[in-house]
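Engineer: If you want the building blocks of each chain, they are given just below.
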Amino acid sequence: MDLSAALQFVFSGITIGAFYAFVALGVSIVFSSSGIVNFAQGQFVMLGGMVAATLAANAHWPVPVAMLCGVVAAAAGGAVMARLFVLPMLRAGEFPLILVTLGLGVLIEALAVVFWGTDPQMLDSLLKIEPLRVMGATLSSDSITILCVLAIALIAFTQFLRRTRWGRAMRATAIDRDVAASLGINVRAVIVLSFTMAAAFGGLAGALLTPIISTGAQSGFQMTLKAITAAVLGGVASPIGAVAGGLLLGMIEAMSSGYVSSTYQNVIASVVLIVLLFLRPRGLFTALTRQA
Amino acid sequence: MNSYRKAGWLLPVVAIILPLFIGGLPSALNLAILVGIYFTVCIGLTLIFGIGGQLSLAPAAFYGLGAYTSALLSTRLGVPVLLGFVAAGVLCGVIGWLLARPLLRLRAVYLAIATLAFGDILNTLIRANSEITGGSSGIVNLPSPALGSFEFNTPLRYYFLVWAIALFALWIGNNIVKSRIGIGLRGLAESEIGAASCGIDVARYKAWMFTIGAILPGVAGGLLVHYLGFISPDSFTTQFSILIVMILAVGGRDSLLGALTGAILVTVLPIMLASYEKYSPVIFAVLFLGSVMFMPKGLAGAAMAAMSKWRRSRND
Amino acid sequence: MTHHHSSIARRHFIAFVAATVAAITPQAYAQSNAPIKIGAILDQSGPVAPLGQFTRAGIDMALKEVNAAGGVRGRQIELVSLNSESKPDLAASLAVRLSGDADVMAIIGGNFASSSNSIGATVEKQAIAYITPTALLNDAQAKWKYSYFTLAEFSDMAKQILVYAQKKGYKKAGLIRVEREYGEQGSKFLHQFAAQYGVTLVAEERGADGDRDFTAQLTKIRQANPDFLVVWFANPGGSLVLKNARQLGMTQPMMAPISMDGSVTIKLAGQAAEGVVITSQIAGSEPLPRQKAFIDAYAKAHPDAPEPNSFEAVGYDLVKMTVEALKKVDPPYTRAKVRDAINALDYQGAGTVVKYKNRNGPSEETLVMIQASKGHFVLAK
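Residue numbers (our numbering), protein chains in the order written: chain U, 1 to 292; chain V, 1001 to 1316; chain X, 2001 to 2381.
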C-alpha cells in the first residue's frame, strides 16, 4: 500500500490514541495516588463536554469560556465524589471501592440522560486553523490541539509530582497510605486532590473532544473502559505509562483497521492486550517510567 | 456455614412447592424461571468473586459462549438441546481451564481488563461471522429442549428443568465451599501467602474455581436462550458482566445465599423499576450505591448479621 | 443456628415472593368506562435509548390527540409504558408482565431488532398483538401471527439506494457500515441487489458506533475509487464518518439509511452533511399529504425544532394504528378481536403505510428519499 495511506493510518492512530491517552491520564492520576481504579472517569469527560456544549450552544457563551466552565464543573464533580463517596469507603478494601466508582458512574450517566436527553451535543472548534496535510494524508486541527494540550498537561503533571510539596505527598501516598499518614501527610486531602485533578483533566478532554466526535450523555462509560484498558496496557500506576498505553492502543486499532481488517480491529487490539498482559502482567511501560 | 447447609435443604422444597402457588400466574412463573437461570450464573460467580476474591468480567463471555454453543448445535446440526447444554458446559469448562492459569496470574484491575477483552473478542467473532452465528441479527425460533418425546415447551415444564439444573449447581457449589478446595479458596481470599504456606496449591485452586465459574454461566446461557426462543449478541455484552457483578455485590458476594439474593434482585429489580421509564437507571444507581456503602457484605450479609444479633439478644 | 432462623428466613422469603407477585400481577377488573390500556416496551436507557425516546415523544403526541378527541367510544386510552433498557431478555419479561394484565389490549415498542425479536417470540406464546417500530428481518418473523412491523424492510432501503444510484449513473459503490444488525442487514441486501441496478460494491469496511475516527477505513475505500459512498450507520458514528470523509477530501456523493435520519445529523456533521441522501419515512420540510397533519401538530409543539424524524413519526403511528383497530372492534374488547382488527388494517400514516393482510411489514411506499440542503431535509432530487 502506498505511503500516503500509511501516513493516514498513523494520523488516525494518533487521533484515536490521543483520546484514549487523555482519559487514561485521569485514571492513572487517581490510581497512582490512591490505588483506586476509578470507573467513573469517563463520566467526567462526558460532563466536561456536555457542560461546555450546552453553555456554548444554548447560552451562546464564547467557546473558550464554555470549555473552562466544563473543566470547572467536572473538577467540582470529582471533588464531591471523593469527599462524599470515596473517603468514607477508604478502609473497605479494593473491591467495594471499585463498586462505588462504578455505581457513581451509573448514577452520573442516568442523571445526565434525564437532564440532557440522549441527543449528542456539538461544539465549535477552539482554534479554527487549517488541518495538517502531508502527502495526501490529513490530520485535523482539533487532533493537533488535543495532542499539544495533552503534552502540556503531562509535562505539567509530572513536574507537579516532582517539584511541589503536594506532588511529593501524592507519590508518598501512592507507595503506602499508612506510612504516608505516619509521615504527617494528610492522606485524605491528597486523595480528594487527586480525584479533583483527574476529573479536571477528564473535563478538559471532554471539552476538547466534543468538536470532533460530539458528546452524548451516554458516552462516558465506553470511554472509561477504553481508558482503563489503555492505562492497564501502559501501566496504570504511571501517568507517562498510561499516556503511552493510550497512544499505543489507538495505533494498534488504526493499523489493524488499515492493514488487516476493520472487522477484526477490536479483536486484534484485544488479543494484543491479552498477550502483552500475559507477558508483562503489570503493564508495558511500568519499569521504564517508575521514576517519573 | 450451618445456615447455608440448612438453606440448601430448604430451597429444593420451596422450589418444588412454589409452582402450586404461582403455576397459574405467567409473570410469576416467568420470574421464577429467570431467577433459576441467574442463580446458576451467580453460584459460579460467587466462587470466583466472593470466595476467590477475583474480579473477573468474563461472565457475559461464558454466558454467551454457552448460549451460542447450544443454540448453534441445535439449529445448525440438529443436536438435541439437552446435549447442547452439556456441550455448552464442556466447552466453557475447557476454555475456562485453558485461560485460567495465565489469566489468574494477573492481579485486580489487570484481570478485570483482560477478561473484558476476552468478552470483546467473542462478541466481535459472533457479530462478524453471520453465516454461522446469525450475526448481530441473531437467530429466532430456537427449539425447546426435550427428553425423548417429552418437550419442555411450557413455562411450568421449563421451570422444573431450570430449577433441577440450578439445584444441581447449588449442590456443586455447596460441596466446593465445604470441601478442602473451598477452605483453600477462603484461605485465598483471606491471605494468599497464608494459604500457600499451609500447603494449599493456590494456582490449582484458582484454576478450578475459574473453570467452574465458567461452566455454570455457560449452561445458564443455554437455558436462557432456549427459554426465550431467541438469541443475539446483544444479550451478552460487557454491560451484562458489570451488571451481574454489581447485583451480586448487593446480594452478598461471599455466600450462596448472597448468590440467590443477587439472582432474585437481577431478575425482579429491572422489571419493577421498568415503570419509572427513563428514571429507572437513576433509582437503580441510588439503591446500588446505598447498599454498597451501608451494607458492605450485601443484603445476605446484613440479614445474617441482623439474625445473629437477634439470636444473641434472645439468648441473653 | 437454631430452628428459629430458618423459619424466619422462610417466612421472610415467602413474604418477599408474595410481595413480588402482588407487585407484578394485576387485578383483573372490567369496568365499561375504564380506560383501555396499551402496553409499551421502550428502550429508554442503554445504547438504543435515543430511538426509545424518539418513539416515546411520538407516542405522547398521538395519545394527547386521541384522548383530547374523546378516546375510543368514550373510553380514554391509557399507556402502560415500561423501560426495557436496551436489554432483549428484559424486554421479553416485560412482555410477559404486560400480557399478565388482562386490560392490556395490545403491545407496542421494542426499539431495535434484538428487543423486537424477543418481544415477538414472547407474544407468539402469549397471544397478544404487538406492533413494533422496527423492521421485519427474516422469513421466520414473516410467519409470526401476532407481530407487526412498521419500519421499512432493509431490502427495500437497499433497493431505494440502488435505484437512486442508477438514476444518477453511479456504478461503483463504497460501503462503510456499523457492526450491528442494521449494518449487517444493509450490507447483505446491497450485495444481493447491486448487480440488478448495474452497481458494483468496490469496497466494504466496518466500524463501531462509538469509534472516534474512521479515516483508516475511509482511506481504504478511497483507494477503490467509488462513485458514491453508502454510510450504513447511526448517530453519532455516522455523522463522524461524513465529516471524516470530507476531511480526507473525498468529494463523492454520500447516502445513508433511516438510522441517520433526523436533524441530529445536520447538527453533528455540519457542512459535511450537505447533500447527503437518506432513505427516510418522513420528509420534514416537504411533507406528503398523509404526513401534513402530524408535521403541523409537531411544529406547533416544538417551535424551536419543527422537523420531526422518522422515529417520532412511527411512534405516533403506533398509537394511531392501535386506536384505529380498536375503533373497528365491537365491545367488549378482547385481545383476539384487537389482533384481527390490526391484521385487517389498511393504514396510511405519518411515518408508515401498512396493509397487514398481505404481509406483517409495511408497504414499499413507506419510504421517501430525502436530502440535506442548507440545514434542512428536502425531498431528494
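Simulated from the structure, these hints should not be mistaken for lab results.
Some clues are possibly wrong.
To be verified - Heads up, simulated EDC-like pairs for lysine to aspartate or glutamate below, C-alpha to C-alpha not over 16 Å straight-line: (1) V/Lys1297 with U/Glu94; (2) X/Lys2188 with V/Glu1131; (3) X/Lys2188 with X/Asp2139.
Engineer: Give a verdict on every hint.
Structural biologist: Right, here's what the structure says about each hint:
| no. | hint | result |
| --- | --- | --- |
| 1 | V/Lys1297 with U/Glu94 | holds, 14 Å |
| 2 | X/Lys2188 with V/Glu1131 | holds, 11 Å |
| 3 | X/Lys2188 with X/Asp2139 | holds, 15 Å |
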